[in-house]
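**Student:** Assemble the complex: chain S is given as a structure, and chain V must be docked to it using the hints.
Sequences listed follow chains S and V, in order. Read left to right, the first sequence gives residues 2 to 319 (the working numbering). Read left to right, the second sequence gives residues 1447 to 1691 (the working numbering).
Don't read these hints as lab results, they were simulated from the structure. It should be emphasised that the depicted structure is a prediction, and the values quoted were computed from it without experimental measurement. Don't take every hint at face value.
What the hints assert, rightly or not - Restraint ranges, calculated between C-beta atoms of paired labels, are given here:
{"#": "1", "chain 1": "S", "residue 1": "Arg-14", "chain 2": "V", "residue 2": "Gly-1610", "range": "22 to 30 angstroms"}
{"#": "2", "chain 1": "V", "residue 1": "Gly-1610", "chain 2": "S", "residue 2": "Ala-85", "range": "18 to 26 angstroms"}
{"#": "3", "chain 1": "V", "residue 1": "Arg-1689", "chain 2": "S", "residue 2": "Glu-293", "range": "55 to 63 angstroms"}
{"#": "4", "chain 1": "V", "residue 1": "Pro-1470", "chain 2": "S", "residue 2": "Arg-14", "range": "56 to 64 angstroms"}
{"#": "5", "chain 1": "S", "residue 1": "His-38", "chain 2": "V", "residue 2": "Pro-1634", "range": "55 to 63 angstroms"}
{"#": "6", "chain 1": "V", "residue 1": "Ala-1681", "chain 2": "S", "residue 2": "His-8", "range": "28 to 36 angstroms"}
{"#": "7", "chain 1": "V", "residue 1": "Arg-1690", "chain 2": "S", "residue 2": "Ala-240", "range": "30 to 38 angstroms"}
{"#": "8", "chain 1": "S", "residue 1": "Ser-60", "chain 2": "V", "residue 2": "Val-1618", "range": "25 to 33 angstroms"}
{"#": "9", "chain 1": "S", "residue 1": "Val-69", "chain 2": "V", "residue 2": "Ile-1686", "range": "17 to 25 angstroms"}
{"#": "10", "chain 1": "S", "residue 1": "His-38", "chain 2": "V", "residue 2": "Arg-1685", "range": "48 to 56 angstroms"}
{"#": "11", "chain 1": "V", "residue 1": "Leu-1490", "chain 2": "S", "residue 2": "Asp-130", "range": "47 to 55 angstroms"}
{"#": "12", "chain 1": "V", "residue 1": "Gly-1610", "chain 2": "S", "residue 2": "Asp-22", "range": "38 to 46 angstroms"}
Backbone N, C-alpha and C define an ideal beta-carbon position, used for all residues, glycine too.
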Amino acid sequence: MLLDVRHLTKEYRRGVRANDDISFTLDAGQILGLFGHNGAGKTTLLNQVAGLTRPTAGSIRVDGHDPVADPAAARRVCSLQPQAQAPLDGVTPRQAIEILARIRGARRRRARDRAAELIAALDLAEWADTIGEKLSGGVRRLTAFCMAAAEPGRLVMFDEPTNDVDPVRRRLLWGQIRALADAGCAVVLVTHNVVEAERGVDRLVVLDRGRVLARGTPAQLREMHGARLRLELVVADTADADRLAADAAGTGWGAGDAVVNGRRVVVPIEAAAAAAALAWAQRERGAARIDEFAVTPTSLEDVYVSLTEEADRAFMAA
Amino acid sequence: MRSWLRSYWLLLRWNLLRSRTDLPLLFVVQTLLGVGVVIGFAFLVPAIDRSTVLYLSTGAPTVGLITVGMVALPQMVAHHKLTGIFDYVRAMPVPRLAMLAADASVWVALTLPGLAAALGVAALRFHLSFRVSPLVVPAVLLVAATCVAVGYAIGYAARPAITGMVTQVIVVVALMFAPVSFPADRMPGWLAAAHRWLPFEYMAQAIRETVNVPPGGVPVVPFAVLAGWLAVGLAVTYRIMTRRT
Chain S
2 MLLDVRHLTK EYRRGVRAND DISFTLDAGQ ILGLFGHNGA GKTTLLNQVA GLTRPTAGSI
62 RVDGHDPVAD PAAARRVCSL QPQAQAPLDG VTPRQAIEIL ARIRGARRRR ARDRAAELIA
122 ALDLAEWADT IGEKLSGGVR RLTAFCMAAA EPGRLVMFDE PTNDVDPVRR RLLWGQIRAL
182 ADAGCAVVLV THNVVEAERG VDRLVVLDRG RVLARGTPAQ LREMHGARLR LELVVADTAD
242 ADRLAADAAG TGWGAGDAVV NGRRVVVPIE AAAAAAALAW AQRERGAARI DEFAVTPTSL
302 EDVYVSLTEE ADRAFMAA
Chain V
1447 MRSWLRSYWL LLRWNLLRSR TDLPLLFVVQ TLLGVGVVIG FAFLVPAIDR STVLYLSTGA
1507 PTVGLITVGM VALPQMVAHH KLTGIFDYVR AMPVPRLAML AADASVWVAL TLPGLAAALG
1567 VAALRFHLSF RVSPLVVPAV LLVAATCVAV GYAIGYAARP AITGMVTQVI VVVALMFAPV
1627 SFPADRMPGW LAAAHRWLPF EYMAQAIRET VNVPPGGVPV VPFAVLAGWL AVGLAVTYRI
1687 MTRRT
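Chain S with its partners taken away, still in its complex shape (with noise of 0.2 angstroms):
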């Protein structure tokens, strides 16, 4: 196990509980997405595994090391890519890398030879020589994130790496994550794209307002919602959205309150109950109030979604 955090809890001066009670671990050769909200701890909790800041209570082992006693360690261990943009001003991505890989320990040869290759990888030859201040904001992310896994330590911890950068360069940095953890790294993601993250990592964590809301496999995610479908239909007039959201809803076979987005609306249903939802929307086809429809599994955002909504009420409630 190289990553072992039990009842990590921390609390600021003002009484803010930004992390309360967070156990989860992660092996080597894993990726573990790390979602929640803005605000919901997810950079406190990575700052603690660092040894940038220490728990109020509970414990952390990196590795063997345990941060606060021995941040040192723990910085050795582990490499952070943080949520700010690194420090570019002046220098070229190719430089940016290969100091940031000497410094973390790789020989001259090696850390030329990583950098020329995570360039390649992700396809920033055309800036790869360009000063700091004429990067756009997704070449400075992507060079922060080279900037961390060149060199990397047994366990990577990016923090929103996947902002601001292009779809393709989105797609060639995942394949770079999974990489890393093909070559033994324990890799922590902080991300909002859940959609992407729905592929990409092996297990995650939700947090919520400093709690762990969820955990598990994004397989396992799904499943904590039964075997329910969802139907997105695409109405013809906006003004009917409402009143075919509500019919839907009161068929008897949703399972949850519709969506209503424009001319878009989105209808949970229970598995059982699709043949009867598609005969529905067959037949609204048919009255030409409907454009187009389709029923398609549950995907883990709307997992999230549901999750966090749920928590947002039980905490209105309180």
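**Tutor:** Chain V alone, transformed into the frame defined by chain S:
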């Protein structure tokens, strides 16, 4: 020790690379400031005697060291705090003191040409010859290191907005209200007394009395007081660097 030196060297390279666009400009500003104070202040003073010139020509580089170490540097730290670079650097696996030393090296090196230029201009402009002691080298390094250490302590300990204000005050005090470019006996008693506890007067004295050794020899007191300020600055800086919230 080897890993310490390796970290220091790599961080120094990293700093030089990052600041290579600003360095030439800072270099020029520093040199002009040193020369400018010598020539400009001479206009303010109607009767220039040897003592005045000595105060001006050694006070100018002292002011230069103070503005770099205790003004520009804390402002840079404040900027790094605001942009997140501070946190980024804190997460790097390097010894904290190697990081400080790498930063300080660049800043100290930056101030040296200004010092040489000010003394050179004073010698040429006022036909002055100095009785230079070899202790001038440790004196300059001690003053520079003290400025840098106190500058870091301010930048690290204070919030960025406060740092901005404190550094403005330091500029005004160092230029006009500290016995740096003129003798302390021209100041009101209470202000002269206050400067017994502040580092500015001792910085000026350490440089002035090693550039031109007084009949009694190089005094020890300024060195001792500056060493104290250096220790305090380093302790505060190190404490905050390794502190975890």
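**Student:** Flag every earlier hint the structure violates by its number, smallest first.
**Tutor:** 4, 7, 8, 10
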